[in-house]
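Please build the complex by placing chain W on the supplied structure of chain S, with the hints as guidance.
Residue strings, one per chain:
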Amino acid sequence: MSSKVKRYEVKVWPNRWEMLSIDPECMALLTYTCITHIPIRIKECLPWQSRSGVTPEVETDEVMYSGFDQLVRFFCGEGFNADGHLTAEQEADKIAFLSYFEQQLKPAITYTLWADNQNYNEVTRPAYAKMCGFPRNFWHPGQMREKAIQFVMQGKSRNLHGKDYQTVMLDFKRPIYMKAKSCMNVVEQKLTKNEFFFGDKPSSLDALIYGYLAVLVNAPLKSFELKHHLNSCENLKKFCERMNKLTAESKNIINGSISSTTPSSSSVKKSEACMKKETMITLGIGVSAMVLYGILFGIFTSRKSLLAQKLGTVSKK
Amino acid sequence: MSYVDGSHLLQLSASEPWSPNATIFIPLESSQILPYENSACLSVQAFLHMCGLKFKIEQMANAEYISPSRKLPSLHCGKFIISETTPIIDFVNVKGYRLDKHLSEDDQAKLKAYTALVNNVLNPAQKYIAWAHEDTSRQITCKRYGSVYPWPLSFILPLRKRSEMLEHLKAIGWGKDEKSLTKIEEEVKRCCTALTEKLGDQKYFFGDSPTELDAIVFGHLYTILTTTLPDNRLAAAVQKHPNLVKFCRNVDKEYFRKTAST
Chain S
1 MSSKVKRYEV KVWPNRWEML SIDPECMALL TYTCITHIPI RIKECLPWQS RSGVTPEVET
61 DEVMYSGFDQ LVRFFCGEGF NADGHLTAEQ EADKIAFLSY FEQQLKPAIT YTLWADNQNY
121 NEVTRPAYAK MCGFPRNFWH PGQMREKAIQ FVMQGKSRNL HGKDYQTVML DFKRPIYMKA
181 KSCMNVVEQK LTKNEFFFGD KPSSLDALIY GYLAVLVNAP LKSFELKHHL NSCENLKKFC
241 ERMNKLTAES KNIINGSISS TTPSSSSVKK SEACMKKETM ITLGIGVSAM VLYGILFGIF
301 TSRKSLLAQK LGTVSKK
Chain W
1001 MSYVDGSHLL QLSASEPWSP NATIFIPLES SQILPYENSA CLSVQAFLHM CGLKFKIEQM
1061 ANAEYISPSR KLPSLHCGKF IISETTPIID FVNVKGYRLD KHLSEDDQAK LKAYTALVNN
1121 VLNPAQKYIA WAHEDTSRQI TCKRYGSVYP WPLSFILPLR KRSEMLEHLK AIGWGKDEKS
1181 LTKIEEEVKR CCTALTEKLG DQKYFFGDSP TELDAIVFGH LYTILTTTLP DNRLAAAVQK
1241 HPNLVKFCRN VDKEYFRKTA ST
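Protein sequence lines correspond, in order, to chains S and W.
Per the numbering used here, residue 1 is the first one in the first sequence, and the count goes up by one each step.
Per the numbering used here, residue 1001 is the first one in the second sequence, and the count goes up by one each step.
Just chain S, with the same shape it has in the complex (with noise of 0.2 angstroms):
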């Protein structure tokens, strides 16, 4: 039956803390196809895995969808609109709001997880470093907190004027937080008369502030000065109880999907091929540099050498 529905392939970030997905975007994206119910296939990738190099992304036969946005407006031209309850008003209001969320909201979380050095230590560099796999778990963890930093301080990371690092992260800290928690307020006093933003159906919107408040409600956060102002707003969390209660029904239906489909089931052993490949390409690498090394400086052939001793491989000059 499911092989005669269309089923879009939606790559994202994988999944972890109870969550459908680890990264905010993706998450949102997936909450918008519960909402929804569009027909889709979860695969488990990571962006340099994928097409664009962006996730979340869908790719149809004709072209390559990337981003919440984008994939957003793609799905309503497929015919899986969300906000089609909506007043010419209230969808005006949508994309201010949803511009309002990516300016205060967003730099908060990515500070929470990425620029607040207690959460990255203990929490967001473990995770995502068991989620590249050997090698770039040393490295690429680093790169995306170095870019989420860039992000936070809008590109002005090199300019210190003489303060240390932690100081000036301090600094941005205040205001950006500041502006987080008046955010969470405007959407608990929206949510006092009703269940969603607009009314009593969730639109993008919910789905968005649900993909950024749902690392807050999920993530083993250990500095959580975000945290406690969202359980302090009761609305709210009623509000991330009722999402995450329909993203759990849904989770479900797309487990079930996964695991009888058997080109999904491929497409996740392809990413575990992947990430051993380059397990096996590393120690090809390293091993072999290190054999060229001691043909160089006569370790397999010197006398002097134990080990060409040991192996009987003494050159007889």
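Honestly, I wouldn't trust all of these hints.
[To be verified] Computed footprint of chain W on chain S, listed as stretches where at least three residues anywhere in the stretch have a Cβ under 8 angstroms from a Cβ of chain W:
hint	segment
1	83-97
2	101-110
3	296-307
By construction, these hints were calculated from the structure, which means they are not laboratory data.
The beta-carbon is built from N, C-alpha and C at its ideal position, and this holds for glycine as well.
Frame of chain S; chain W shown alone:
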């Protein structure tokens, strides 16, 4: 003179009244100022006019270096110097001059959202066109930026500023790899559609009284409409919305030409 940076300093400035000698420092309008800087300067001027506050404008070639954060404009009021549009608006609000007193809680949330939309879309779009678009950058931006310096600074400083701005654009996700002019045009069109829908037939975005959103939108749209660039697609996108053009004309007539004539 203290630099108003964090919110704790902002509270300190609340007790001081508005200084009649308040001055805004901007770059030279005819030869130096860049489009996105002009947007910010106009927004601040419109806001202060709407609040009914008196101020002076000083055009200085080194306005960028007078500003503590190297962003424009900067306002010198009493013992404080503040730079950038949002901190200046916060500074004026803390002194008791607010334009959003008549708004409900819902409308105040919408005000913040639409302000974020304009700052998130129109601001980076203008910066991209000024610095990342090859033709505009070579023919207009670098020449204007370097016009106040002698050679070889007029050659070196624009290049340095360009690489700084490209890095900033890349950090906020508006780099040359992530965005193209077509994508930017689409985003600006979407932004204008949302603003048109919000404005409707009203005089201002929230009824008959102006708010800071009106000042910020005026600053950006007026600059886009009145600046001639090698690629004028942003102006063409805005002109497709006659109510936005009418809005800009009204604000200009009400707050700039009237003040100029008095």
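> Hints broken by the structure, by number, lowest first?
Replying inline: 3
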